[in-house]
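What follows is the residue order along each chain.
Number of protein chains: 2
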Amino acid sequence: MPKEPTSEISRRQFVKQAASASVAAGSAALLAGCQDSTSGGGSTPNINTDKTFKWKMVTTWPSTLKVLGEGAKLLAGWIETMSQGRLQIKVYGAGELVPALGIFEAVSQGAAQMGHGASYYWAGSSQAAQFFAAVPFGMNAQQMNAWIYSGGGLELWEKVYKPFGLLPMPAGNTGVQMGGWFNREINSIDDFKGMKMRIPGLGGKVLAKAGGAAVLKPGGEIYTSLERGLIDATEWIGPYHDYHMGFHRVAKYYYYPGWHEPGTVLELFVNREAFEELPADLQEIVRTATYRSNMWMLSEFESKNNMYLDKLINEHDVQLRKFPDDVLAKLKVYSQETIEEICASDPLSAEVYDSFKKFQKAVNSWAEISERAYYGLT
Amino acid sequence: MPKEPTSEISRRQFVKQAASASVAAGSAALLAGCQDSTSGGGSTPNINTDKTFKWKMVTTWPSTLKVLGEGAKLLAGWIETMSQGRLQIKVYGAGELVPALGIFEAVSQGAAQMGHGASYYWAGSSQAAQFFAAVPFGMNAQQMNAWIYSGGGLELWEKVYKPFGLLPMPAGNTGVQMGGWFNREINSIDDFKGMKMRIPGLGGKVLAKAGGAAVLKPGGEIYTSLERGLIDATEWIGPYHDYHMGFHRVAKYYYYPGWHEPGTVLELFVNREAFEELPADLQEIVRTATYRSNMWMLSEFESKNNMYLDKLINEHDVQLRKFPDDVLAKLKVYSQETIEEICASDPLSAEVYDSFKKFQKAVNSWAEISERAYYGLT
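Chains A and B supply the protein sequences, listed in that same order. Note that the numbering used here has the first sequence beginning at 101, numbered continuously upward. Note that the numbering used here has the second sequence beginning at 101, numbered continuously upward.
Careful: at least some of the hints might be erroneous.
No distinction is drawn between identical chains; accordingly, a pair holds when it is met within one copy or between any pair of copies.
Okay, derived cross-link-like pairs now, DSSO-like style, lysine-lysine, Cα gap no bigger than 27 Å in a straight line [what the hints assert, rightly or not]:
#1 K309 x K151
#2 K458 x K262
#3 K422 x K461
#4 K309 x K461
Everything labelled a hint here was simulated from the structure, so no lab data went into it.
Excised from the complex, chain A in its bound form:
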């Protein structure tokens, strides 16, 4: 997944601002006389029903980016149509209003009302955030959605974002990602030693345990960095998206599976104060639209990945490779260690991961006789 350079605001300053934003959001809720419901963001009396809202959505994606950039614009369009133009949302691509990784702070502080990104980008603000995007050897898209929508995940995610005055909602999914692009074969775990790879989030920490160096590069710099040998490898998303990034022109080996991102959740987050000013119908419209973009994005990736994988292999001589089993086994051990270290130092991460882990165990038992058995049939 893309990772853009961090913004200028220091973490300390940000947390301080987030704390006051939270107090302000709390006051707004009190003034509006409403309590948060379990589905978050509170019900609202029918206030402001005749008002037209002009909002800004900032995103971590360039606005022309397939699926992600497209999806953010579609989401805004559905909301505008459903609201008869009473909620108009102007979508800004990465860097157009704020830097890609500045959107969490921008929406927290009210400079924009909405942000579209992925929660592991905000691990610098809250370690617990990243569990709602992707966990190495974690859950796939269907399981993440089940956890978030029906297994208590959303309530925890709301708790994690609340100090920042933000309300999160799932709003997209990449499905199982690819493992990445390499300019040499990976035959043993030692092949990661000294490797400079562009890989974000928990996956980057796991690579470091294997002796590699996780490098952060914004999307627009990856291609050139690979070409010039500044990095040896990169991961991105999957065949459909990666094809358009052109990585096959500068790396030969394309590895699977994407052990580090088995079903990455993309998110919409909304400034809580702004959300609570919306009348109940517009709140429900925003929430419902995110289910549509969640389903739409996953369906786009799922339906187009194979065609682009074919192109990569047959038209561009890309070498498709599976990570060796013993390499995956080692990465799994390092992933577990990484997660345990984070949970040991951050109680909120421990609380979130405890829910994640229990849900994963149960849903895996069910998968054994449903999805896994299904894949044996086809």
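Position chain B relative to chain A; hints supplied.
Same frame as chain A, but now just chain B:
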């Protein structure tokens, strides 16, 4: 999946009525001055924006049924909230307004504006309809959604329902179902010989090829039929739902995988004339709400199946069994024959299945290195 008794209206009479409904729907579209878009149902000028619509939704589910009955009511509620009460939908359970399997005709004829069911129930009206619900050894939930939303499936589904004056939308999914409840073990394909099993759709035709007899029973009669030995076996959905049906009290063996229904799509269909009377915002609200119910239902099943499977096994001594591989291989051959026979006699089925088959082939190639590889990791 439940199958209810067919209504009194004969097929011939129904098709005749459907044909005139289609003409009427066409005229309404002309009068409204709108063309169908690719996403179906046409865009509409901003007419009727101040009008309050009071609609009826008829369903194939008892209104108290978990997930399905619940989901239909939630769907109506979301639409009402998003529309500020401008589109009010009263939900009728099976038999409350029309018989469970009479809803397709009722909505086609305008006696109600919406129906919630599953498209294989309407195979008697159009053989091609059943491919949008479940195909034995076909696609799972994620793949069905990708085909329908992003792979041309929805356009074909709209074509199939258009002669009936209906507009279909996916509005739920069961995920991979269980193979069913049996009172004896299945050790070879011969064990299906003479077996009376309650199983709908294409799966029932496959059972017949194996020498069994597919019996249709409404949900409320299955338990008693099994208890009295009128049937030897039944399938339903999965552990969460089946537990509440109480089948474990009258059958001992619970088989997987649900080869006959690997990701059953539940549907909302709307009377086209009624839909075209809605202003653009309400049309978008209805469409968007169905994505939410689609995601919500699948997440409910996915998150709760394991807990109820545990109860069945540990509290009720249910014997969990996998169909033997050679039995599944035979059923797969019979499934292919069944589908080929239908396509040979019905050109529209052939057109739909051609799209289905091509999509399945491509998405399976991608699954090989994504979802299937993922399940090897966990």
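Results of checking the hints against the structure:
Taking the shortest Cα distances, K309 and K151 never come within 27 Å of each other, neither inside one copy (54 Å) nor across copies (63 Å). In this homomeric assembly, K458 and K262 come within 27 Å of each other (Cα to Cα) only inside a single copy, at 23 Å, whereas the closest approach across copies is 46 Å. In this homomeric assembly, K422 and K461 come within 27 Å of each other (Cα to Cα) both inside a single copy, at 25 Å, and across copies, at 21 Å. Taking CA atoms no more than 27 Å apart as the test, K309 paired with K461 passes inside one copy only; the shortest distance there is 25 Å, against 39 Å between copies.
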